[in-house]
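**Q** As a plain string of letters, each chain reads:
There are 2 protein chains.
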Amino acid sequence: MRKPVAQPTAVRYAALPDPFRLWKGGELRRAQVAYECWGTLNKERSNAILLFTGLSPSAHAASSPASTEPGWWEKMIGPGRAIDTEQYFVMCVNSLGSCFGSTGPASVNPATGKAYRLDFPELAVEDIARAGFEAARTLGIEQLDTVVGPSLGGMVVVAFAAAVPGGARRAVSISGSSASSPFAIALRSVQREAVMSDPAWNKGQYSDNERGPQSGMRIARKLGTITYRSSVEWAGRFARQGITPVGKRAVEQALKRVPEGFGPRFAVETYLEAQAEKFVHVFDPNCYLYLSRAMDCFDIAAHGTAEEVYRRAGFTHALVVGVQSDFLFGIEEQRQIAADMTAAGIHTRFAELSSVEGHDAFLVDLPRFDAAIRGFLAG
Amino acid sequence: MRKPVAQPTAVRYAALPDPFRLWKGGELRRAQVAYECWGTLNKERSNAILLFTGLSPSAHAASSPASTEPGWWEKMIGPGRAIDTEQYFVMCVNSLGSCFGSTGPASVNPATGKAYRLDFPELAVEDIARAGFEAARTLGIEQLDTVVGPSLGGMVVVAFAAAVPGGARRAVSISGSSASSPFAIALRSVQREAVMSDPAWNKGQYSDNERGPQSGMRIARKLGTITYRSSVEWAGRFARQGITPVGKRAVEQALKRVPEGFGPRFAVETYLEAQAEKFVHVFDPNCYLYLSRAMDCFDIAAHGTAEEVYRRAGFTHALVVGVQSDFLFGIEEQRQIAADMTAAGIHTRFAELSSVEGHDAFLVDLPRFDAAIRGFLAG
Chain A
673 MRKPVAQPTA VRYAALPDPF RLWKGGELRR AQVAYECWGT LNKERSNAIL LFTGLSPSAH
733 AASSPASTEP GWWEKMIGPG RAIDTEQYFV MCVNSLGSCF GSTGPASVNP ATGKAYRLDF
793 PELAVEDIAR AGFEAARTLG IEQLDTVVGP SLGGMVVVAF AAAVPGGARR AVSISGSSAS
853 SPFAIALRSV QREAVMSDPA WNKGQYSDNE RGPQSGMRIA RKLGTITYRS SVEWAGRFAR
913 QGITPVGKRA VEQALKRVPE GFGPRFAVET YLEAQAEKFV HVFDPNCYLY LSRAMDCFDI
973 AAHGTAEEVY RRAGFTHALV VGVQSDFLFG IEEQRQIAAD MTAAGIHTRF AELSSVEGHD
1033 AFLVDLPRFD AAIRGFLAG
Chain B
673 MRKPVAQPTA VRYAALPDPF RLWKGGELRR AQVAYECWGT LNKERSNAIL LFTGLSPSAH
733 AASSPASTEP GWWEKMIGPG RAIDTEQYFV MCVNSLGSCF GSTGPASVNP ATGKAYRLDF
793 PELAVEDIAR AGFEAARTLG IEQLDTVVGP SLGGMVVVAF AAAVPGGARR AVSISGSSAS
853 SPFAIALRSV QREAVMSDPA WNKGQYSDNE RGPQSGMRIA RKLGTITYRS SVEWAGRFAR
913 QGITPVGKRA VEQALKRVPE GFGPRFAVET YLEAQAEKFV HVFDPNCYLY LSRAMDCFDI
973 AAHGTAEEVY RRAGFTHALV VGVQSDFLFG IEEQRQIAAD MTAAGIHTRF AELSSVEGHD
1033 AFLVDLPRFD AAIRGFLAG
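Chain order of the listed sequences is A and B. Going left to right, the first sequence walks through residues 673 to 1051 as the working numbering numbers them. Going left to right, the second sequence walks through residues 673 to 1051 as the working numbering numbers them.
These aren't lab readings, by the way, just hints derived from the structure by calculation. There is no bait here: all hints are sound.
Restraint-style ranges between C-beta atoms, simulated for each label pair: (1) A:927 / B:699: 24 to 32 Å; (2) B:924 / A:971: 19 to 27 Å; (3) A:742 / B:1042: 50 to 58 Å; (4) B:924 / A:738: 51 to 59 Å; (5) A:784 / B:953: 36 to 44 Å; (6) B:879 / A:927: 22 to 30 Å; (7) A:954 / B:874: 25 to 33 Å; (8) A:921 / B:696: 24 to 32 Å; (9) A:741 / B:783: 56 to 64 Å; (10) A:1024 / B:689: 56 to 64 Å; (11) B:971 / A:931: 22 to 30 Å; (12) A:928 / B:976: 33 to 41 Å; (13) B:953 / A:874: 21 to 29 Å.
In the BS3-like style, the derived pairs of lysine-lysine whose C-alpha atoms are separated by at most 30 Å in a straight line are: (14) B:928 / A:786; (15) B:875 / B:696; (16) B:786 / B:875; (17) A:920 / B:875.
Computed list of chain A residues with no C-beta within reach of chain B, every gap over 10 Å: (18) 701; (19) 758; (20) 817.
As the structure is a prediction and not an experimental result, all values here were calculated from the model. We put the beta carbon where it would ideally sit given N, CA and C, even for glycine.
So here's chain A without its partners, still in its complex pose:
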């Protein structure tokens, strides 16, 4: 529904099997997955790494000659980098249900010629996993060397184990979850409520010209931003500084929206405002609701015990990365994933990182993540 973002030319599209049946029972016709690639697929098609994203990014994980803007994991992917494109063929997919080229609630329903909106069938994390794998299959890849994902992507890696047995030899799950905790569910339910309470949401029928529930999306994104970081990081980074020039335009607008004296006063509010401003102009609200709800509902237990799921998955090696300061996808959840994989006979490394950046550490604390992932991939 958002104004289409100028797609970097590196984006390619994979047609999904038609119909594409969803885990919760619905189906999609003529669905597609947007992806980008780096490196070269070898003759045996055995060196592919499939990368899933967090809730909000596109498939643009790194720059390339065709698309020079830095990607969301720019410093992790490339020649000689932790995910080394001289050795691996790397493919990052935009999640099914998202709005950066993959089919989602903002896409046109071929049956009606209009956007799906709330007619989009219920999405599950399993569908994101399977759609990503089907995208790889369109390139002739029948088994991935490694499937990787942080945040929602870490959850997708767990879902991949259940939904695509034998689909990968190795797995890297970063700050994910094998079943959303009630705390994370509570936070996400409040975020969705903020969007749905905004009268401009209009039960999903907002207008196409960017005038959607921006106010609700702003609240949802600010709350997200809070849960992606940590109290300790912010104490050092912002302390009690007053408004800073960062995000000045966003703050000026925020000040206009409320009576004098009720707007932002602190640097941390400036930061939230700038983060929200970036988000509301690119992310479709209905897509946000579908992806958020899918995360709440994900539970590996729907597929049997975790040990059974991981035995069927067929991974030989796995890396589970958790961050001590992550209070959204807690370290104990990561420890559990590692323990379950180990119990299933997978050679599993558990990297417990002491980064202060919370859930978002994988985007920020690159030295620690580089070392963990580089070491694992090197075997």
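With chain A held as given, fit chain B onto it using these hints.
**A** Frame of chain A, contents of chain B only:
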């Protein structure tokens, strides 16, 4: 602005000095503080404990023959209880700026005959402290035995040290703060934004008949409820249970507000819904905004170094209580308060409690709090 809650007959009112000058520069005319009392004031008027509350409660901390409904700290106050009314005269005040009988934005401005709303002058935590003390003075109490408060009340106790030097011999600060952290500021700013983004807020000019920004207040309270508890507690308490009969009516209403499939599905959402429902019908939205902003802006540094403030305060003994699982008013903040008091020569006990109930533990984990407070008051 809310329908006036039937005031328990135990509530009494203290007139504040007129005018009552506020820390940020404004003043109030004919202002008052609502309070309740338990126990008997001795002849020397030296056995008084002044209790401040968290953000949302009234002065009804405990029941009494005149008001038999259980109070918000019922099990802590009474004959033989941790705050022993056979020994102490206990007085709990409704915070200045709140809406349960004390003067606040929902009160009538004597200059206009209409509710203040956003014409209420900016409120500071220092004003809550001083208004509480002035209420005690109306009973002839010139120095308290002990000043006590949890949450916002714990912050008020710190503000009391700065604003009322010599006003108490002992202090008990529970899960408070001597300067709001950027993390807490971020959370509260999102809560206020939810209220102010609700079109029914109408820049503070909502109608008087309960049709205020209920949707925004519901979001704010749910987010508050999340930050008052802990992930660990909820993992044990709710896990991934589906909707339960608790708060059934609130959930039915929530389901009506959104399209099918987008309402609550999990027990934890049921709980949030019930908590929000209780709150929105009793708490005035403008009062909420004023108190929330006052918390953000509180910083003991405005009065000098913490050590100087505590030296001037004149406390001989202090108890600082913190909860390890509290992520809103973190344990390190409590440790800092205790360290600052100790540095100022106050005999200070620091009780670091391992309760799993987070910030709200003082309302729930009564055995641990009872022991800490009983032990301190016994001396």
